[in-house]
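Chains F and Z are the protein sequences, given in the same order. Quick note on numbering: the first sequence equals residues 1 to 212 in UniProt numbering. Quick note on numbering: the second sequence equals residues 1 to 212 in UniProt numbering.
Mixed in with the good hints there might be a few duds.
With beta-carbon atoms standing in for the labels, derived distance ranges [said to hold, decoys possible]: (1) Z:Val67 with F:Glu116: 49 to 57 Å; (2) F:Pro15 with Z:Thr52: 46 to 54 Å; (3) F:Ser54 with Z:Val67: 50 to 58 Å; (4) Z:Val67 with F:Leu39: 20 to 28 Å; (5) Z:Ser54 with F:Lys2: 44 to 52 Å; (6) Z:Ser54 with F:Pro11: 32 to 40 Å; (7) Z:Thr192 with F:Glu189: 15 to 23 Å; (8) F:Ala212 with Z:Val67: 35 to 43 Å; (9) F:Arg118 with Z:Gln68: 43 to 51 Å.
Quick caveat, the hints were computed from the structure, so don't treat them as lab data. Note that CB positions come from ideal geometry on N, CA and C, so glycine has one too.
Here are the chains, one letter per residue:
There are 2 protein chains.
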Amino acid sequence: MKLLIVGGGSPKTWPDKLTDFDFYIGVDRGSLYLLEAQLPLDLAVGDFDSLTESERQRVFAKSRAHVQAPAEKDDTDTQLALLWATQHYPEAQYTCIGLTGGRIDHFLANLWMVLEPRFAKFIPQICLLDQQNSIHFYLPGEYTIYREKSKKYLAYVCLTPMQSLSLYDSKYTLDQQRITYPIAYASNEFLTNTARFVFSDGILAVIQSKDA
Amino acid sequence: MKLLIVGGGSPKTWPDKLTDFDFYIGVDRGSLYLLEAQLPLDLAVGDFDSLTESERQRVFAKSRAHVQAPAEKDDTDTQLALLWATQHYPEAQYTCIGLTGGRIDHFLANLWMVLEPRFAKFIPQICLLDQQNSIHFYLPGEYTIYREKSKKYLAYVCLTPMQSLSLYDSKYTLDQQRITYPIAYASNEFLTNTARFVFSDGILAVIQSKDA
Chain F
1 MKLLIVGGGS PKTWPDKLTD FDFYIGVDRG SLYLLEAQLP LDLAVGDFDS LTESERQRVF
61 AKSRAHVQAP AEKDDTDTQL ALLWATQHYP EAQYTCIGLT GGRIDHFLAN LWMVLEPRFA
121 KFIPQICLLD QQNSIHFYLP GEYTIYREKS KKYLAYVCLT PMQSLSLYDS KYTLDQQRIT
181 YPIAYASNEF LTNTARFVFS DGILAVIQSK DA
Chain Z
1 MKLLIVGGGS PKTWPDKLTD FDFYIGVDRG SLYLLEAQLP LDLAVGDFDS LTESERQRVF
61 AKSRAHVQAP AEKDDTDTQL ALLWATQHYP EAQYTCIGLT GGRIDHFLAN LWMVLEPRFA
121 KFIPQICLLD QQNSIHFYLP GEYTIYREKS KKYLAYVCLT PMQSLSLYDS KYTLDQQRIT
181 YPIAYASNEF LTNTARFVFS DGILAVIQSK DA
């Protein structure tokens, strides 16, 4: 099952091809953007502070369901949406858009959701997409990944320290590198259609990207 | 002394008022953007892979000095620029623009430069700016910060785990909170023109932001 979570970032940041999902969740203003894009809105989640009263009424009327959270809460609207998704559809693939660009505090909160223990086991099922970037997350292990056709660059982003990271079959390689603080190894490139990596602990993000 | 470091992000992301710096460093394509904005270009740094040959020649002809790095190197162009700046002007304030938006791998590499031991002692002198966000960095201690007139939101971003973080005089407060993984406490707000915080270890970023 493929589930789409749509944050409040501008639809200009959205990737192409958003029609083949099984369940659409709008996060606050993302709900309105889904309606405006004539896409389904299965669930609207948020405190809806970012909408006018008439916009909120429109979202509630058009969405198949909604969860309204209090404005003053510990979780962000996006955290609430991911929490709902993992509780109701624990086997789904969670594709998240509208979470990048704009406010950097929001983006970092969204990126770092995967570090929270409650989301840890869902990490392999989460990805963040926008026009220029795809971000997939990995738990310790050995992986072969595939080049996305539209992307040029490959980056290995250590969200945590790691005892050992090895990169193979790419322009720049590493052999059992110890990572002592978060670091983004940017501007790597595929040499063929696949690349491999192995790491022992922590959480790794892999970003495939292209120039604007 | 105020030094401006200009990365290759679109000039559309630049904040206003860029005329009152003492020294202007262009990073790769950022050098060309400085010339196009009719701002000074005291130093151009990079491998200049992002420029055509004629653009590169124009940058070299118009810049007061340049440092051309090999394309295959361990540091990013931005790291080289900050390294040069800290070596030649160790007392300066380093304002960095053109580092946000676009490629997320680049942004994270730029954000996390402050975690590198070679830059640690310069952390209080570094800030990242764009149209919507200001990011300042802090070493352990007790601080009073001031609200920026154009900004609405306040976020405390723990780039590292911390033994203890306390937030005072803001909409949401914390009392000696232990931080076990990086987290962005987004959407806080000033109650007056100042806010205070205290932390014991690690590195904290404070982001003031506004909606687009």
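Hints, verified against the model:
no.	hint	verdict
1	Z:Val67 with F:Glu116: 49 to 57 Å	42 Å, violated
2	F:Pro15 with Z:Thr52: 46 to 54 Å	28 Å, violated
3	F:Ser54 with Z:Val67: 50 to 58 Å	56 Å, holds
4	Z:Val67 with F:Leu39: 20 to 28 Å	49 Å, violated
5	Z:Ser54 with F:Lys2: 44 to 52 Å	46 Å, holds
6	Z:Ser54 with F:Pro11: 32 to 40 Å	36 Å, holds
7	Z:Thr192 with F:Glu189: 15 to 23 Å	50 Å, violated
8	F:Ala212 with Z:Val67: 35 to 43 Å	26 Å, violated
9	F:Arg118 with Z:Gln68: 43 to 51 Å	48 Å, holds
Comparing the model with each earlier hint shows violations of hints 1, 2, 4, 7 and 8; every other hint is respected.
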